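J.: Given next are the chains, with one letter for each unit.
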Amino acid sequence: MCLGKKMFFYPIFATFLAMVSFGTVRSEEKRFVFTNSGDSIQLDSFDLSENLPVAISNGWQVRLKTLRGGTQEGVQVITLDNGELHVTVVPTRGMSILSVEQTGNGKRVFGWDSPVKELVHPNLMDLESRGGLGWLFGFNEWMTRCGIEFAGHPGTDVMRTNTGDTNELNLTLHGRVGNIPASEVELIINDQPPYDLRLRGVVEERMFYGPQLRLVTEIHMLPKLKQFRLLETIENVGASKQEYQIIYHTNFGSPLLDENAKVVIPAKSVLPMNQHAADSVSSYDTYLRPTQGFVEQVYLVEPWSDDGGMTSVVIHNAEKELGALMRWSTSSLPYLTIWKNTAALADGYVTGIEPGTGYPFNRRVERHFGRVPQLAAGESVAFELEYSLLSDSREINAAIGGVNKIMAGRVPEIKKDPPSIPDFD
Amino acid sequence: MCLGKKMFFYPIFATFLAMVSFGTVRSEEKRFVFTNSGDSIQLDSFDLSENLPVAISNGWQVRLKTLRGGTQEGVQVITLDNGELHVTVVPTRGMSILSVEQTGNGKRVFGWDSPVKELVHPNLMDLESRGGLGWLFGFNEWMTRCGIEFAGHPGTDVMRTNTGDTNELNLTLHGRVGNIPASEVELIINDQPPYDLRLRGVVEERMFYGPQLRLVTEIHMLPKLKQFRLLETIENVGASKQEYQIIYHTNFGSPLLDENAKVVIPAKSVLPMNQHAADSVSSYDTYLRPTQGFVEQVYLVEPWSDDGGMTSVVIHNAEKELGALMRWSTSSLPYLTIWKNTAALADGYVTGIEPGTGYPFNRRVERHFGRVPQLAAGESVAFELEYSLLSDSREINAAIGGVNKIMAGRVPEIKKDPPSIPDFD
Amino acid sequence: MCLGKKMFFYPIFATFLAMVSFGTVRSEEKRFVFTNSGDSIQLDSFDLSENLPVAISNGWQVRLKTLRGGTQEGVQVITLDNGELHVTVVPTRGMSILSVEQTGNGKRVFGWDSPVKELVHPNLMDLESRGGLGWLFGFNEWMTRCGIEFAGHPGTDVMRTNTGDTNELNLTLHGRVGNIPASEVELIINDQPPYDLRLRGVVEERMFYGPQLRLVTEIHMLPKLKQFRLLETIENVGASKQEYQIIYHTNFGSPLLDENAKVVIPAKSVLPMNQHAADSVSSYDTYLRPTQGFVEQVYLVEPWSDDGGMTSVVIHNAEKELGALMRWSTSSLPYLTIWKNTAALADGYVTGIEPGTGYPFNRRVERHFGRVPQLAAGESVAFELEYSLLSDSREINAAIGGVNKIMAGRVPEIKKDPPSIPDFD
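From first to last, the protein sequence lines are chains E, G and Y. Be aware that the first sequence starts at 0, since it is given in numbering that gives the first Met the number 0, and climbs by one per residue. Be aware that the second sequence starts at 0, since it is given in numbering that gives the first Met the number 0, and climbs by one per residue. Be aware that the third sequence starts at 0, since it is given in numbering that gives the first Met the number 0, and climbs by one per residue.
Just so you know, the hints here were simulated from the structure itself, not pulled from any lab data. It is possible that some hints are incorrect.
Identical chains blur together in the list; that is why a pair holds if it fits in one copy or across any two.
As the list claims (entries may be wrong) - No more than 27 Å apart at the CA atoms, straight line, and that leaves these computed lysine-lysine pairs for DSS-like:
1. K261 <-> K415
2. K319 <-> K404
3. K116 <-> K240
4. K64 <-> K116
5. K261 <-> K29
6. K267 <-> K414
7. K64 <-> K404
Fair warning: this is a prediction, and the values are worked out from it, not measured in the lab.
Based on the provided sequences and hints, a complete structural model is requested.
T.: The following block contains the structure:
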């Protein structure tokens, strides 16, 4: 597939999606319910080829499977294959995306090798363990959401208790949403042009005397395109104003990440998260080879966006043979965190490109800096992210051209010192 | 069904139950084992109509179902239907009762709308989370037991460790029993008059170097009666004296709860739990409409009982179209907590009528006030509660008459100030 | 089976095992995969007699079963029966061994009666609860491993966080390994002489920004022998040097443990763990009858070993009708803890004979005393333990003779005072 043809698809796709009524099923679509807790439905397996005549399936391959063994017993995975990309979604773990492979050769293009090898069932997770770092026992997906009541580092914050008092609450790393099984999962497939497919999931983050937040995600794909989108909303279904945080923790490892791999960002500003990151801020956009004993470096970026409110980031390997283009709407995701963890392969050689409502400081810090948005009762906020595979230098250069167009010759402000964090203790 | 006929049944039912040997199966009874962990039995589904000839089922409908999807994956529910009431029991969550509906029209008469929508599997619960308030992630049943090693508010208390020392223990809100799957569940149905049915459950709250407490509950129903009973025991199967606490957290929401709904209690005394409740103590027995930002008010009641040691409490809506009569033995449940939480509908508009061994202060506080009973090794204590649906003003007034008879013209002592709580820290 | 015949087997068995390539499957062996998470395999049940012609099964009985009901829902057990011993392994709980019974009469010879009656699924465990004593909610196996990142008492220790800082970590009692479902389980059975059987299990203790430790265990049995072995390795599959701890918490109750039961140890030194134990150090090797209110006594032993680096310990009942011989390699397991808990039967009448890399103090204390070994990246350490049933006084006396031979007339140093523990707080 030539680049011209692919680039031709971008506006078509955007226009088409704009016409889709988010969250509805049109008459020409086939709908398959995988999970609906309200109706007590959960399929143990599914294969689209057994449910839809091949003649109208337009090459789509969709399978649902329930994993067995070890800590993954009972975890479900759904694979969506459009003839170019093979996307593995994990509804049991909050609709995370494990990896993206190329159809046919099975080569993983998006994803990484975590020391955690199984998709750990939330039944076995204890987010409170290890001083609030328990989330790390299950961290291995390509894209996992952090949030949505809170995201970021563990630590204390204040909450309202059942007696109306305020008390200290121990926030746990990156919140709960990535470890909540989806309450609704359904596949919606269109047998009319453009033959698009949506996988819709609903994850409820609810408690009594606490937040009532609902995440609705739709993964949209078109046939034969090396691209897909997330169209998502967070809704406050409670009766009171509610804070929320979301970080799309998108993680790239080998083979995309390698020595001299590069991330290209239309950065307004780049800020090192701590002094350790500050020491290397001048090379925030390039990567080392797997390095024993490497300690994470985190950079906090404000990206520019285009006239349509979208920003573009490209990450590619040294030889420009493999890359990813990420585009998202900065109105709801104004901040970008670059997490560099070019550790030894066995420890997880990985970088996170993480659009978010804020940065991964503890919520109390984020609130101090005005980066914790709120939703009124019944209010929703929408998120839009687009991921594209870049397969050669021509595609990568074209995508970098898009970043440069947004940058428009402006020079990023590279801050030398980390921010001054108030001491709340 | 006319009230006279119903009231006629009350003493019959009481006498009949007195004759039942609690915990045994008589020769004329049919027994169906749903769960027995000792024999490694757990049915995935059950329908009485497929197991008992209709001719001798006397209209009983009993079904067991395993829920699928979201956080309820694997939770079992059992519905008991006697032709008047449709009772949904949750063995996986400690034999809680989700709701009571009217047979035929499916209208929920006992229950409430929690923001927590699914019956959360104990596998996913973390009682320790949120400073010991994790119980609130699963709180949505009509009747859930708090206890039985400890109930009430989180906070520190002392315990014996494995080295024989005493150490501080963080008690979690309302204890473990409501999040322990029952080890034994069986249905016992009598094909001779009075054709009664019992659902028996055993919940074991055990650990090494800790309490060995066994809850045995039997839900007793007769055909076509708008009433049922809980006959329960807690047994200390350990070798040492053991404290216990139990609160029957019975929660009413719409439509029974509405603006100007009323609770009628034969109260010896009424004590506000804190200053916030004290400010409204004069209206402790009436309810507001759903009120945004309402902070819970808790009242601590000592009820009078009749010559047979039973007390009666009525709760009914403003128009006296719908009500509940709760009766229980005050010898083992001498205290009653009224929890008013007339918050916005989305946040849980609900009141708890909560007979207990004590009040919901932290166990350390309860012990200070002499409200934490003990069981010697091998000793048991019995509990008896009766719930009746009241369907019109005549039934409600008759039940209020029963409360007034117990009150016998005495005037309750309404205390203006909350108790003085010792500071243990 | 006469003792001479049995003793004849010992060297044969040892030699034979030395020839086995640990972790490999030879051509003459049949292999049955029970669990392999990498291939998403987990059998729900298995019966060797349905999979192998009786003619070549040499009397082996092997069954896998998935338990139902209560807190054990979904836990798997595997029984290995060689015609003399019936060994019950629990892959879902880290390859623990629940009990050993005699074939035919079903009499339990190794095991104990914990107040915890069910094999609690790790899904329901919360190791962090009760100040880090949550492990006790599931403690009832005959042999459970403590470790392997840490073992011993709860308490604080230091760890590296994701920001490269060090922080305090709350260690939980006896670590995680006993509550991690095995990722691989397979049965390997040899249809050529000596017709031996191996049950191989792999338990992964991994996290991101944490230890990457892999336990591989093989339970080896020969037909008709009252004996079996554990051949195990722990491998550091991470990229950095890693501490580890393991204690083989092997627990004997009735009928082997009784009043005047005795443990015979080739002890170089015996040290009471605390002052309470010090008061009874002179009787560290004999046992009381079940004693209401008994507080555990723990003795820390350094055993001598023979020229082959193996030590032998015998435990037998008062009448010398029933005993166990434990042998293990002291190169990797140089320490032995004797845990005496001769409490009332209902509370758990039991003693632990616990070979380990150290003693059960908190890891911080163990590190202070130089008893926390490390593994370099990629390095492994091997463990070898042999358990034999002793069925009469002749067998017991012969085994005691073996202990005495190791002791070689030396006198153990019995220390009167517990060690001085540094205060780290």
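J.: Now tell me if each hint is right for this structure.
T.: Status of the hints after comparison with the structure:
Proximity of K261 and K415 under a CA criterion of 27 Å is satisfied intra-copy only: 20 Å inside one chain copy versus 66 Å between copies. Taking CA atoms no more than 27 Å apart as the test, K319 paired with K404 passes inside one copy only; the shortest distance there is 20 Å, against 70 Å between copies. For a Cα distance limit of 27 Å, the shortest separation of K116 from K240 across copies, 20 Å, qualifies, whereas the shortest one inside one copy, 39 Å, does not. For the homomeric pair K64 and K116, the shortest alpha-carbon distances inside one copy (17 Å) and between copies (26 Å) are both at most 27 Å.
In this assembly of identical chains, the alpha carbons of K261 and K29 never lie at most 27 Å apart, being 41 Å within a copy and 51 Å across copies at closest. In this homomeric assembly, K267 and K414 come within 27 Å of each other (Cα to Cα) only inside a single copy, at 11 Å, whereas the closest approach across copies is 64 Å. Taking CA atoms no more than 27 Å apart as the test, K64 paired with K404 passes in neither setting, with 43 Å inside one copy and 59 Å between copies.
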